[in-house]
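Residue numbers (my numbering), protein chains in the order written: chain A, 1 to 507; chain B, 1 to 507; chain C, 1 to 459; chain D, 1 to 459.
Some hints could be false.
Some chain B residues judged to face chain D by a derived CB distance under 10 Å, without partners named [claimed, not checked]:
1. Glu117
2. Thr152
3. Thr170
4. Val248
5. Tyr356
6. Asp491
7. Lys493
Derived from the structure by calculation, the hints contain no laboratory data. Here a beta-carbon is modelled for each residue, glycine too, at the ideal position from N, C-alpha and C.
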Amino acid sequence: MLIFERSHPSRRNAAQAPHAMADVKSIPAALLRQDAPLLPEASEMDVVRHYTNLSQKNFSIDTHFYPLGSCTMKYNPRACNTLAMLPNFLARHPLAPAHTGQGVLACLYDLQEILKEVTGMAGVSLMPMAGAQGEFAGIAMIQAYHASRGDTARTEIIVPDAAHGTNPATAVMCGYKVREIPTNADGDVDLDALRAAVGPQTAGLMLTNPSTLGVFETHIEDIKHIIHNAGGLLYYDGANLNAILGKVKPGDMGFDVIHSNLHKTFATPHGGGGPGAGAVGVAARLLPFLPLPVVAKSPSSVALPSPTGRGVGGEGAGTESTAEYRYLTEADLPLSIGHLSAFTGNIGVLLRAYIYAKMLGADGMHRVAEFATLNANYLMAELQKVGYRIAFPQRRASHEFIVSCKPLKDATGISAMDVAKRLLDKGYHPPTTYFPMLVPECLLIEPTETESKETLDAFVAAMKEIWDEAHATPDLVKGAPYTMPVRRLDDVKAARELDLTWKVAQA
Amino acid sequence: MLIFERSHPSRRNAAQAPHAMADVKSIPAALLRQDAPLLPEASEMDVVRHYTNLSQKNFSIDTHFYPLGSCTMKYNPRACNTLAMLPNFLARHPLAPAHTGQGVLACLYDLQEILKEVTGMAGVSLMPMAGAQGEFAGIAMIQAYHASRGDTARTEIIVPDAAHGTNPATAVMCGYKVREIPTNADGDVDLDALRAAVGPQTAGLMLTNPSTLGVFETHIEDIKHIIHNAGGLLYYDGANLNAILGKVKPGDMGFDVIHSNLHKTFATPHGGGGPGAGAVGVAARLLPFLPLPVVAKSPSSVALPSPTGRGVGGEGAGTESTAEYRYLTEADLPLSIGHLSAFTGNIGVLLRAYIYAKMLGADGMHRVAEFATLNANYLMAELQKVGYRIAFPQRRASHEFIVSCKPLKDATGISAMDVAKRLLDKGYHPPTTYFPMLVPECLLIEPTETESKETLDAFVAAMKEIWDEAHATPDLVKGAPYTMPVRRLDDVKAARELDLTWKVAQA
Amino acid sequence: MLASIGVAEIDALFDEIPAHLKSGSLTALGAGLNEMQVARLMRDCAAQDTPLLNFIGAGAYEHHIPAAVWELTTRGEFYSAYTPYQAEASQGTLQVLYEYQTMMASLTGMDVSNASLYDGASGLAEAMLMAVRAHKTSRRILVPATVSPFYRSTAHSIVKLQDIELVEIPYDRTTGTVDMAALAQHAGSDFAALVIPQPNFFGALEDVDALTNWAHANGGLAIALVNPLSLALLKSAGTWGDCPHPTPLPGGEGTNEPLRGAKTFGADIAVGDGQPLGAPLSSGGPYFGFMCCKQALVRQMPGRIIGRTVDLDGKQGFTLTLQAREQHIRRAKATSNICSNQGLMVTAATIFMSLLGQDGLRRVAAASHQNAQRLAELASGIAGVSVAFNAPTFHETVLQLPKPAAEVLANMANTGILGGYDLSADYPELGNALLVCATETKTEEDLQQFVAALQAAIA
Amino acid sequence: MLASIGVAEIDALFDEIPAHLKSGSLTALGAGLNEMQVARLMRDCAAQDTPLLNFIGAGAYEHHIPAAVWELTTRGEFYSAYTPYQAEASQGTLQVLYEYQTMMASLTGMDVSNASLYDGASGLAEAMLMAVRAHKTSRRILVPATVSPFYRSTAHSIVKLQDIELVEIPYDRTTGTVDMAALAQHAGSDFAALVIPQPNFFGALEDVDALTNWAHANGGLAIALVNPLSLALLKSAGTWGDCPHPTPLPGGEGTNEPLRGAKTFGADIAVGDGQPLGAPLSSGGPYFGFMCCKQALVRQMPGRIIGRTVDLDGKQGFTLTLQAREQHIRRAKATSNICSNQGLMVTAATIFMSLLGQDGLRRVAAASHQNAQRLAELASGIAGVSVAFNAPTFHETVLQLPKPAAEVLANMANTGILGGYDLSADYPELGNALLVCATETKTEEDLQQFVAALQAAIA
Ligand SMILES: Cc1ncc(COP(=O)(O)O)c(C=O)c1O
Ligand SMILES: Cc1ncc(COP(=O)(O)O)c(C=O)c1O
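Whenever a hint applies, use it, and build me the whole structure from the sequences.
Next comes the structure, spelled out in structure tokens:
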């Protein structure tokens, strides 16, 4: 039942609005709305009941094991949420002067420093609002860098075929052409193809390492040389740093720019789709191009011109700032690629990431990498014992690994999707299905470091049951799920007969 | 699965304790514990998952219609919780000086004033921690009153047979004998029996009005005269004021003392069993006996001796109080029945009640009574149409009313309990069953004012389905529920083979 | 576990990383804090940021947020779920989003809505890109100077790399709205869209009908940039203007079908920031961008879209749809690179709108408007202070001051008041101009306090 | 709806109330506030109550509460459910309570636990009533002066009406613990129970073995009054003493069965306040009382008890059990009048204990102890300040000051510190005595701040 169907004409929730209707006569009638918008007319109780009951229809980390590859569905300590929502943090206006926000700015500054250390980069901007926007910022900086040197012939970004879809899409949004290169049988970039692809038109390469195939790109240094020698820059899609936190730094691998999904590695929850934060880190040569604003501490190594009073981040001129922390603006970074949001990105998400990082500390970061890797390799070994085909059995798993259901499908007709749906009935969120596309019938499995061996073993047992069912009673598996609020949905109908909004007439 | 079964030896949740184990050498070994207590060894995630999943096994107001008679399961605005949990309210120590708590004390004072107005009493103490403790306070004040006048022969409290079990139990806890009197066919107190029962041994009468039979005691004034003429005092069990808020005041009916369950009428949630608050109000002659502490405002009509510095409520002597609000202590009220808790009762519950009362205001209180009564009478009328036998069809329902399933049981074998269990399958929490005991096979139904007509109609439809099932397929009803986490439980086994704690050996 | 894997120690699992690349310890990081320590750290930080009485709007608005909104939104089942890729295990999130789409489409008067973009400013950039895709022949967008400077600079950062030109349209110094004469000069020129802000950055109400008609008459799309809360009161973007679109809209299917309420008038795309619908100010985010459009443009829309369909048993259910527009399917040819959006904020907004309902949203908008009117009235009673423009406004207005706004603001801040947003850097031509806002959260006493502080500050 | 009922107007539904009794309007109440207004009111109130750095304990202890505790506890399904009378619809609450009973029984070393009482002080009163019921022949309870004066006065208010006499046992001025010689004078006298506080009100550790043995040897029950958090470290009440109880315990069944771990030693009843297990200080409540006892006494126990059983299909489930002890069944003959208890606080405590686990609880207790030791050490370094007693302590201690404690405290409060609890009213014989507490929440810096403020205050 939709909230609109719980609505009753002219029912009012008096507690949530001024008791008296204010006068709007000063607005000309021609500018006023004539019809009433379709919003629910329900009591607070009806609304609370509706959304409480709806929430129970979700699988989530707080309720289920959720080994969704490339998504790092690890547990987010509740303190991150509670403390990021302290009333003073929530109440502050983005344009309030810096001296009224030294607490939050100190946290952001410190988070920048932490990310610099973890990634081995020279500077960080926290502003991008998700991974894809971090990619945008990164590629835009590469563009600005080449442009600032008058190097305008570089029109291509190279992207391995295993890359996340955001990579090629981002390159295009930044005005580049995308050149795809293949992956070899070990899951590494095909170096010959890469050598053939580079040239004076190469602006850069976008790489995920460990890759979306769940393996560490062993020839990373060769790749770096090939790209740098061609005059291109190296972009690191660090959406997921879980497997390498404290183990190896992208900066040390030679990357020029990196984005990191704080909503994955730094455990800010995914909220059913977002918000996230895609902080970008850069090597020294890209510092001038960082997206705005960046938090500075004074006295600071960056030479700070006096505040400008302009918009976001400026301390109002006149209140000559004695604030320790402030935002750098266009005046400080005139070559910046600019602002990516009206104000200052997803501050609330950044606070959650900061709290998480402070709780981890140096040791905790190491532990994240170790347990994420241990869990993935253990699960890989155990699933292989059950009979599942591992895509790259000769490799170590990083934080994730791929099972191909191709052999299973050939033998039983049961596809990766069938396995996924059947897992729902067993109380598990399925792994990522059909990504990366180059492995047929694939399941990308990422247990994360926060799951216990007991949970992994129970998951293996469920996968074993499904394996057996696939051979004994394949129709049972094909019909799954049976225990969810709905059975398999008709996606074709959804796309063909678009029904994107509820209409009163249907009531 | 129990949390203990999710436990893994020596797993630690490092975030929740000091990283280093402190030195306890200064405690002699003989005083130290040798064995480890049986507490879970689980990660935060496991704990969060466990209790999130457990919570989903409950019916609650936030998820279901819950017409549990005498319990007033109405909706509690979420703001009451959020605002009562503002960090400063939570952080204050009970023994902190009054000047550090003027905010919370002002709220409590104001709540006392509101309750005085609503109940029509001369004074209020908020201290009792639930209805039963409010009753204790009330009867103890009656005892203290008689004692203060040297009137020591009064050894009996009269209680109607329809009374809530806490009434006779309370009288006994206060050292009284209980004399029960019957109810007449209209659900009112049998006046002749009452006249016969009173005498010089009568300390008082405990009355619920509207009674637990869901009707307003029409002879309330006769009752008052009978009791007062016998030298007894009149106690009002105002656990539930919903039906009379703003309509009639217990003080005007002649009651000498009343308790009110703020966790019912004033919508602080029941929390799966508590905490509650059972504020007591008294007529002028009982003022000196109020339980401690009471909040005073200065300048105040009550003559305030200078603060004593004693325990709870005393402003430390020396900090000569300039605070506007403070607690009255033994020094102020030497005849008080004393403290009923170590500190100051369930302050957090009181804040919730206060916020709720402020949101209602005078108008809102009237609306509560009107809609609670309207909903109850409507539901009564509709269920009667379905065929259910109403216990007192000749009477108005107050906030609640009684259905007797006796005729249904005679016709079909389906008991009140069967109806209740079948309602679970239909998504409704059942009404109170088998209370009050004097109506056979009863269902005490209290829809409350926060439910909509749509919900009531849907409930009637479910009751109609059960009515039909009872006649067509009684075994179906007898086997209910089918859709809950468990089916009917073996209560006899539970009591015979007591299993009150989990033991490791069972694992 | 190591035995099962066949290694002796965890370190072995990292043996594919070239040894010389391995990092040592993370020296700049301290030891991990336990929750108690981090709680104290954060409480101490928060304690430094005691909020002042706020009269700044400028794109982020202080509204009362019902307690239930965030109590429900942060339930683990919403908060810790991923994007609803597995529909059967995500019906909660998916239904919320479908309800959200319905509410937003209705508020804006458009046919369809996506499930959110990052924020209003980046959403405006996406709308521009979408307009260019739909228009096909032009890469120029007309952008009035009355559009928020923050939005203009953000949109510029994003669209410039695709060679899209933003042409600034000046405003009328008397009304504070688009200079129609200046706009008229672009008649006949090739442009993909005109951005129409309502209310505009000055809080002034544009003649949206005339602007929409003008855009359509001149072959461009109309992009409405709206405050969603204001739409409880103001004409919805879908009903702006009355001029039929000159050519059948590009974008493929649907243009010739008799759509439900198919509109031959109205803005083509409506975007804005959803912050007023339940997102706390939070120093700037997270908020969310919303985007609605006409049915004919739906396949050009970026971002996720939820559709209603049926399951194997014919039972209603919800699912992500039109995914072929998105990067994870279409990759380089996607409508945008957006992947994660601002889902949780949308959950909050949906609950917010449900709790307020049509009537509540309208009352909040009206009370905000009335408070701002009253503030302007009181302030302009002060000698030397006047209202800068004469167009009708919604909940925000520009005051002319006798002194630099920065000075006045610093002074007011000392008495605990955030007096507004100083326009001097963005609109130097306005001299000492201050943008002030009062929402329903302000009492008469608050307004008086503002006025007293302003008076003192300019004395 | 009125038509269905058959009345013309709502007022008719109140026609059974005598007209002259009907009230008019509630004049003392103002108009209702909307949520925004009440939120502002409450925030303003809360803003007045900024907490100081707290060193008061005296029965309510500041501990870190993991964020997850209250985020989970206030989930609607826990928060807005009633007492689990309908077991099938309350398995969540019931299982939590069963887990709670298990944890508390284990912490206290007792066989069984109830599902809570109101608070520690009223719980002590219930324990006294229970002891009197069990003992049958005596209505006297021996209560050391080292038991919290708040508890003694509350217990007195409650039990006195049933003619129960509380006999005060003095303390030893050197150790700050029960004066064993004074106690010995009651040997052979008729008493139902001896209350044994551990730690006692002074923070001092009693010789619980000797006291338990003495009580049992002299025919009384031993009521342990304990801080549950301290039990992670300290000997559990169930293992106190080694003297078998002199006579088979009264209370009916079970005494002769070979109970699991049946104890012939140990306290008979353990009570206390559960506040340290996850309840915020909250100016005094809500907290919760816990009560555990030996198996043989279970039918004498007041309050709700949850049992594990099976359903029709043999599946494990939980239900309220032994309800025949309770007022809603037994009425005047019930073990107590208690009905609502402190369920939600128990939910919080269960989650709290689960999050900390055995190791965490022990660490918190140990850190609290160490901080208090350090505080005493630092404070007694100040000239004129000394530690009052020489018994070992747990996380709280008494300081002797050279000036009245009230003066010192007022002074310290001015520098933002709540310096402790002034003992002069309750224990005038101690002169200028101050009870100070430091839990794991205090850093070395906090302790230094305390010491500096104390030094300044007595200078
Ligand atoms: C490897 C990789 N890159 C980029 C992204 C995009 O991140 P976001 O969804 O935050 O935009 C993701 C997340 O889905 C990812 O897994
Ligand atoms: C009529 C009546 N009296 C007294 C009580 C006892 O209140 P409490 O449970 O708060 O002790 C109740 C609640 O169950 C009740 O309904």
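Hint by hint, here is what the structure shows:
1. Glu117: holds (4 Å)
2. Thr152: violated (13 Å)
3. Thr170: holds (4 Å)
4. Val248: This hint holds: Val248 (chain B) lies near chain D, its Cβ roughly 5 Å from the closest one there, short of 10 Å.
5. Tyr356: It holds, given that the least Cβ distance between Tyr356 (chain B) and chain D is near 9 Å, below 10 Å.
6. Asp491: holds (6 Å)
7. Lys493: holds (5 Å)
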